[in-house]
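Visitor: For reference, the chains in residue letters:
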Amino acid sequence: MSQSPSPPPASAATTIARLVRADLMKLSHHWVIAIGYGAMLIVAIPGAVLFHMGEQLINVTSESGYAFAFSLMVRCLDFSASILFMMVCLLFSIDIANGAIKYILTRPVTRMELLLSKYATAAIMTGLTLAILWLGCLGMGWYYYGLGPLTENDYVIFEASAMFRHIAIATGFLAFSLAASASMAIAVSSYSSTMGGAIIVGLVLYGFVSSLTVIPATIGFEIAWGGETYYFPWSSLAFTSQLFIPMYLLDDLPTGIPIESWWTWDVVRMMLVSGGYGLIFFAIAARAVRKRDFAL
Amino acid sequence: MSEPAAIEARQLSKRFRSLVAVERVDLDVAAGDIFGFIGPNGAGKTTTLRMLLGLITPTEGRVRIFGHDIEREFKRAIQPVGALIEGAAFYPFLSARNNLALFGNISGHRSHARVEQVLEWVGLAARGDDRVAGYSQGMRQRLGLALALLERPRLLILDEPTNGLDPQGSREIRELIRRIRDEEGTTILLSSHLLAEMEGVCDRLAIIANGRILRVGALDEVIGSDSERLVLATSAGDDERAAALLRERFSIHAARPGSNRLEFDRGDREPAEINRALVEAGIGVAALAPQLRTLEQAFIELTGTSSAVQ
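Sequence lines, in order, name chains A and B.
First residue of the first sequence: 1, per the numbering used here; consecutive thereafter.
First residue of the second sequence: 1, per the numbering used here; consecutive thereafter.
Since the hints were made in silico from the structure, they are not lab data.
Possibly wrong hints are sitting among the right ones.
[As the list claims (entries may be wrong)] Partial chain A-side listing against chain B, Cβ under 10 angstroms, derived:
| id | residue |
| --- | --- |
| 1 | P9 |
| 2 | R18 |
| 3 | I35 |
| 4 | R75 |
| 5 | F79 |
| 6 | A100 |
| 7 | I104 |
| 8 | R107 |
| 9 | P108 |
| 10 | I169 |
| 11 | T171 |
| 12 | T229 |
| 13 | P233 |
| 14 | S235 |
| 15 | A288 |
[As the list claims (entries may be wrong)] With a Cα cut of at most 20 angstroms, we get these calculated SDA-like pairs of lysine to any residue:
| id | chain 1 | residue 1 | chain 2 | residue 2 |
| --- | --- | --- | --- | --- |
| 16 | A | K26 | B | G134 |
| 17 | A | K291 | B | P290 |
| 18 | B | K75 | A | T213 |
| 19 | A | K26 | B | L194 |
| 20 | A | K291 | B | A101 |
| 21 | A | K291 | B | H109 |
| 22 | B | K75 | B | G128 |
| 23 | A | K291 | B | H112 |
| 24 | B | K75 | A | I280 |
| 25 | A | K291 | B | D69 |
| 26 | B | K75 | A | Y191 |
| 27 | B | K75 | A | P8 |
| 28 | B | K75 | A | D293 |
| 29 | A | K291 | B | N98 |
| 30 | B | K75 | A | I101 |
| 31 | A | K26 | B | F93 |
| 32 | A | K291 | B | R72 |
| 33 | A | K26 | B | R140 |
| 34 | A | K26 | A | D154 |
| 35 | A | K26 | B | F74 |
| 36 | B | K75 | A | T110 |
| 37 | A | K26 | B | H109 |
| 38 | B | K75 | A | H30 |
| 39 | A | K291 | B | S18 |
| 40 | A | K26 | B | R174 |
Quick reminder that beta carbons are idealized off the backbone N, C-alpha and C, glycines included.
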């Protein structure tokens, strides 16, 4: 019996979408992912309770659910970012450690499509992290104060819609730093042979990059651009701490200071640093994925 | 237009620094064949298969699958291929059915009926919902074969497919391999160091050792026959008289491995001449034929090793 010729292979976009679906399917069955996302919520809720208790103790209340949510997000962000980083470290290593990568690489999938699919999956995981953070913090803010306007002595300082808009923008900017950190996790993962190894090496690297904050902020240089001069402190190279820049801007709102523009030099610098790191780690991951003999 | 060869490898070499793992291998597997690829452990079988599948890049040479270059047209070349290489490996936290569905989704072949069919073929239908973590090595091997068959491949590349299976399981897999070729028209490249199982399944085979192909061809061509050595089967009780005649008339000293059976080197004597002498002496000749060799004999002769051969 002879067989008919095979149909033409799927396009790159379709292949990447299928790989992402496969990644999401296997990750949704893995206990580490369930525990990771669960931990984000579990930390946010007692964190909110403790934060609220602290407010009651010193008789300074947020007055607005949004203001409460902003402060809570700043406190939960570091933990959630670390958990997300560890989970993204599993993206390649879960395939490599179980040997299943050889089946993926013997399907009509190019190595670059495979790498891009990991970035797409990481983007979805980042989005889910931000959604959990957002909903968790806003939910707790609503629970304690409701999601009304920010007022002082019945005088409306900021409307609820303005508060909502700014928290949405800040959350969007957070994605830049988280994406850079995910890129680092994918690079580590692509060189690892075990899941535990990927997480340990990843955390060491994450700690090293974070430790660059100890470089005094006063050391830096100035960049002349578009007729303006901008200051670039070397401590900005700790891109993990760039995560907090949108939150610092956001944190001004509850004190009554309006946010005139999100396009400040701090935010641009955060995007440049995060983008630079993201691209460097993408190149490192691409080298491993293109050259590595994963079947060994 | 004739169908292109299922596999066409030319001058395939792979070096890992100073180690030459595979050297100038030429391989042609015609569509519809069951092609055996045999060699002792470390001969270069798996490295060759990994190059055929595009898992590693050859240092030199090229591979075409059904006419498509594996490097330049990877997706087209690999599309019709199913493979089980270097042992089966799956996500242990997923069930067999979920593993098959996951890999099927990657290629867009989502057929519940096909998943059930291949699980049935490899004898795992009843355990398909169990997590792979609880599977024995033999069950994982069966699942690996099911995955290789999932997308109705035109070319199946199987590396040591009966590893970890008991004798009954090995026989079932050999029967399945023949059935797949006959029913689905699949070309099969089978790599193994188990000579007996290759002898019973393959149409053509290649013997590889130290990274080089030593012999390739149809099974009987590769095995060959030892035309110098004859086997004589006599009527009951005639074997002693036959041995005496051979010794006295032709100076041939025959071995007697069993009753009424002699084996001897004929030297420059023609078999017809020996047969005539035996018949004229009234010895009952049941059969006189060149001694057939086994694949193992041919293999040992070519590779000079039997240590890795079972």
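Visitor: Is the hint on T229(A) kept, meaning its closest Cβ partner in chain B is under 10 angstroms away?
Guide: At about 50 angstroms, which exceeds the 10 angstroms cut-off, the nearest Cβ of chain B leaves the hint on T229(A) violated.
Visitor: Taken at face value, is the distance from the CA of L194(B) to the CA of K26(A) at most 20 angstroms?
Guide: Between K26(A) and L194(B) the Cα gap is close to 36 angstroms, so the pair fails against 20 angstroms, i.e. violated.
Visitor: Between K26(A) and R140(B), does the CA-CA distance stay at or below 20 angstroms?
Guide: Given pair K26(A), R140(B) holds - Cα atoms ~18 angstroms apart, limit 20 angstroms.
Visitor: For K26(A) and F93(B), compute the direct alpha-carbon distance and say whether it is at most 20 angstroms.
Guide: Judged against 20 angstroms, a Cα distance of about 8 angstroms means the pair holds.
Visitor: With a cut-off of 20 angstroms on the C-alpha distance, tell me whether K75(B) and P8(A) pass.
Guide: holds, 9 angstroms
Visitor: Under 10 angstroms, Cβ to Cβ, is where A288(A) needs to be relative to chain B, so tell me if that hint holds or is violated.
Guide: violated, 14 angstroms
Visitor: CA of K291(A) to CA of R72(B), is that 20 angstroms or under?
Guide: Answer holds: K291(A) to R72(B) is near 16 angstroms, not above 20 angstroms.
Visitor: Does the CB of F79(A) sit less than 10 angstroms away from some CB of chain B?
Guide: violated, 25 angstroms
Visitor: With the threshold set at 20 angstroms, check whether the alpha-carbon distance from K291(A) to N98(B) stays at or below it.
Guide: Not satisfied, since the Cα-Cα distance of roughly 30 angstroms exceeds 20 angstroms.
Visitor: Given the hint that K291(A) pairs with H112(B), does the C-alpha gap stay at or below 20 angstroms?
Guide: violated, 35 angstroms
Visitor: Does T110(A) lie within 20 angstroms of K75(B) when you go C-alpha to C-alpha?
Guide: holds, 7 angstroms
Visitor: Hinted pair, alpha-carbon criterion (20 angstroms max): K26(A), F74(B). Please report holds or violated.
Guide: violated, 26 angstroms
In this structure, the hints that do not hold are numbers 3, 4, 5, 10, 11, 12, 13, 14, 15, 17, 18, 19, 20, 21, 22, 23, 24, 26, 29, 34, 35, 38, 40, in rising order.
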